[in-house]
Amino acid sequence: MIFVTVGAQMPFDRMVRAVDEWAGERRRGDVFAQIGPTEWRPGHVKWTQFLQPPEFAQRVAEAKVIVAHAGMGSIITAMTTGKPILVMPRRGELKETRNDHQLATAQRFLELGKVAVAFDENELKDRLDRLDEVAAAGRVGPWASESLLSTVRGFISGEKTP
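Under our numbering, the first residue of the sequence shown is numbered 3, with each subsequent residue one higher.
To be clear, the hints were calculated from the coordinates, so they are not data collected in a lab.
Think of the CB as a built atom: it goes at the ideal place given N, C-alpha and C, for glycine as much as any other residue.
Among these hints, one or two may not hold up.
[Claimed, not checked] FRET-style restraints, in silico, Cβ to Cβ:
1) Leu114 x Arg19: 27 to 33 Å
2) Arg93 x Glu161: 40 to 46 Å
3) Val142 x Gln60: 27 to 33 Å
Assemble the whole structure, with the sequences as input and the hints as a guide.
Written out as structure tokens, the structure reads:
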């Protein structure tokens, strides 16, 4: 199953429309999308506006790959579950977010080899055709490491400087 998520704060119709068109063109019945608060409705994929945390976790567990906006919550979810993720960043100039922080996030994680990125709808459809090339980002633990916590504690207490 391909799990598409836009996060909880705002819709991302440009990404969801592209996935919906692709699913229709390819006759894919294995796509489920969490589309957020939007008036637009997909015609080719199963969808819901919102998911409660247990159902979200279940969808992630069942997913072969996650397709998401370039939000840190989605990226961290993929990394903590060992799932491959394809991200498409929201763009500030299109009023999809307040600024271009998602472009910067996507670019940096791409450079690190942790995510696959599509910067526009055509690239997204192309990457969807090649999902077998999207590798898992590598696992990270759900909590900060003890060494990081120790460093932060030391910095806060004034005992250590970074």
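Okay, the hints, checked on the actual structure:
no., hint, result
1, Leu114 x Arg19: 27 to 33 Å, "29 Å, holds"
2, Arg93 x Glu161: 40 to 46 Å, "43 Å, holds"
3, Val142 x Gln60: 27 to 33 Å, "21 Å, violated"
Against the hints set out earlier in the document, a violation occurs for number 3 only.
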